[in-house]
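Go ahead and model the full structure; you've got the sequences and the hints to work with.
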Amino acid sequence: MEYRLKVDDTIIPVEVKKAETNTMTLSFDGKARNVQYSRISDNQIHLIIDGVGTQAFIAGDGDEKTVILRGVPYEVRDADLSRQTRRGKRGPSAMPREVTPPTPSIVVRILVAEGDRVNKGDAVIVVTAMKMETTLTAPFDGTVTKINVVEGDKVMPGQILADIEKDEEEPTEEQDGLADS
Amino acid sequence: MFKKILVANRGEIARRIMNTCREMGIKTVALYSDADRDAVHVLEADQALCLGDAEPAASYLNIDKIIAAARETGADAIHPGYGFLAENADFAERCEQEGLVFIGPPSRVISELGDKTIARQTMTKSGVPVIPGMNHPESDPEVLVREADAIGYPVLIKAAAGGGGKGMRVVASADELHDACISASSEAAGAFGNGSIYLEKYLTRPRHIEFQILADSHGNVVHLLERECSIQRRHQKIIEETPSPAMTPELRKKMGDAAIAAAQASGYVNAGTVEFLLDEDGSFYFLEVNTRLQVEHPITEMTTGIDIVRCQLEIAAGNPLSIDQKDIKGRGHAIECRIYAEDPGNDFFPSPGKIVFMKEPSGPGIRNDCGIYSGFQVPVEYDPILSKLIVAAENREEAVHRMIEALREYVILGVRTPIPFLIDVLRSEAFRKGETFTDFIGCHFPDWKPERADVETAAIAYIIDELAGKKERPVADNRGGGYGSPWQTLGNWRP
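If you're matching them up, the sequences are chains A and B in order. With numbering that gives the first Met the number 0, the residue at position 175 of the first sequence is 174, and numbering never jumps. With numbering that gives the first Met the number 0, the residue at position 125 of the second sequence is 124, and numbering never jumps.
To be clear, the hints were calculated from the coordinates, so they are not data collected in a lab. Note that the Cβ used here is the ideal one computed from N, Cα and C, for glycine as well. Any given hint could turn out to be false.
To be clear about the criterion: a stretch of chain A counts as covered by chain B if any three or more of its residues have a C-beta under 8 Å from a C-beta of chain B, and this derived list gives those stretches [claimed, not checked]:
| no. | segment |
| --- | --- |
| 1 | 7 to 18 |
| 2 | 53 to 60 |
| 3 | 106 to 118 |
Following this line, the structure appears as structure tokens:
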């Protein structure tokens with residue numbers, strides 16, 4: 000039986016060969032590793048891997064867990080489950096297709112009005128999180144059809160702050176999960 | 000001495016101030032906004048009053064509400080911490096008018112040092128070296144072009160009312176100056192309500208070195224040695240240390256004397272920080288005076304053994320300094336790392352959220368000034384600082400090792416933190432060699448990503464977390480009450 004885990008962009012197949020109480024043998028690419036473990040709390044596990052002790056700190060559920068090992072966080076996902084769970088979790092560097100904040104934020108300024116024409120890249124709404132302002136821009140050329148927030152609103156990633164109707168052109172298909180294939 | 004102090008701040012700094020108050024037998028009053036009902040400073044205060052809406056203007060920046068809270072609770076003094084109203088001359092003046100002691104310098108001093116061009120004039124008159132540049136704000140582009148030619152490019156545009164990098168622009172040549180002045184002035188107007196700008200020579204590779212000063216109301220001034228704070232991102236310090244790796248006894252004497260001269264020239268009273276830039280050729284220039292308790296004050300406390308907040312209270316109560324300059328000796332080496340809720344792998348973008356789990360490092364020479372706990376929701380309204388991890392050891396090398404291990408032991412789950420980035424900075428050869436300049440991050444870590452060397456262990460931890468069950472939720476109907484065997488609780492298996 001095996002897991003296919005994904006750490007960053009690397010797929011790691013892991014075969015669980017043998018599991019007993021508090022002991023497991025796991026195989027990575029044919030290399031077997033003996034693991035003794037003890038759960039200390041919901042977020043803390045003590046591991047003895049091939050005789051060497053270490054601690055892992057973990058948060059998250061089956062779809063995606065953050066594992067911290069000696070100060071370094073690893074995002075570990077189940078590669079078979081992750082395809083449909085990756086929407087709206089991109090950082091601000093990803094190309095947005097909607098006017099939505101990258102982190103929980105507060106709306107500071109609304110720079111457009113309903114009916115306004117916008118070009119791709121135009122500033123639409125400014126939000127602030129922890130004293131840092133971020134300008135959300137129009138993802139494509141179009142017309143602002145609706146503003147869904149007012150200044151001072153608390154907003155979350157994934158929440159659409161302004162609806163923009165895209166200019167007529169070749170219809171392109173929404174490509175969810177593109178980066179995970 | 001005061002009977003009751005109101006702390007007009009939040010989080011780790013409010014907690015740190017209240018710790019000293021308690022040691023001195025002084026009662027404490029905390030203030031909080033709707034977003035901070037469960038914040039650490041509220042939990043530990045003798046009394047706590049809600050100011051209302053989370054928005055800073057309605058809470059931590061609302062002078063009327065804070066004064067009313069001091070009246071209501073019978074506090075005799077207000078400590079402003081850092082940020083918020085700490086350098087607001089109007090607030091200090093209002094306290095003075097209301098008969099409340101503002102724990103900080105007189106409002107006139109805050110006001111005069113807050114205007115960067117007036118501060119430059121004061122320092123120039125007293126023989127404190129300032130960065131070559133203008134001593135008056137200017138709005139006429141023609142005049143600015145002439146001034147820039149006289150100073151020599153590159154020049155730095157700065158806001159007269161400046162701070163935090165707002166309104167600052169580096170200009171490399173004359174044809175960029177006009178547009179840069181307009182945008183800097185507009186940014187400064189937005190941030191400070193004052194669009195005045197001036198020009199300084201831009202130093203390309205300085206170190207940021209500052210001196211902690213203490214001045215009492217009887218005319219005594221001492222300095223508590225230097226701190227180097229060159230490691231910065233977005234003009235904000237993230238690692239500070241004392242002593243500076245660039246310091247020599249002769250330079251320390253010269254800069255320390257200049258810091259004291261700066262304090263005396265401005266009529267300074269209470270704790271403050273005189274900031275300098277140290278150029279590669281060994282010349283140093285006055286930058287500004289921070290008229291408040293500084294974020295990084297703990298490293299000075301660690302090496303001098305002096306509680307700076309206690310000194311602030313003694314000074315504010317009118318007592319003379321109990322220490323002479325000759326008594327002040329730094330012992331060993333101290334480093335502070337600021338732990339913000341931010342993503343170092345994504346341009347230090349803020350990362351608010353709930354602290355799912357945390358474990359603080361401990362051991363000899365480790366101090367964590369911490370504003371969070373497991374279960375705390377980090378508000379989006381305020382500064383992203385979660386805690387300040389400080390270590391002290393006999394020398395710089397040992398302090399660096401101690402800090403690296405303390406960072407590795409520091410677990411915060413639920414928000415992103417710069418911990419892995421800080422570890423890499425401290426491990427880097429440039430840092431080890433003390434080659435710390437203000438361009439350090441851009442120069443050595445321009446596009447940092449964490450080095451994930453132990454992917455297999457992370458995978459093992461994931462699988463065991465899936466299979467081992469949760470401690471607080473025993474698996475139902477499990478024989479003997481232990482954890483379910485992997486075969487009973489199996490999750491996403493591929494047969």
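Hints and how they fare:
Check on the segment 7 to 18 of chain A: 6 of its residues sit with their Cβ under 8 Å from a Cβ of chain B, so the three-residue criterion for coverage holds. Residues of the segment 53 to 60 of chain A with a Cβ under 8 Å from some Cβ of chain B number 5, which satisfies the need for three, so the listed coverage holds. Using a Cβ-Cβ cut-off of 8 Å, 0 residues of the segment 106 to 118 of chain A lie near chain B, which falls short of the minimum of three, so the contact claim is violated.
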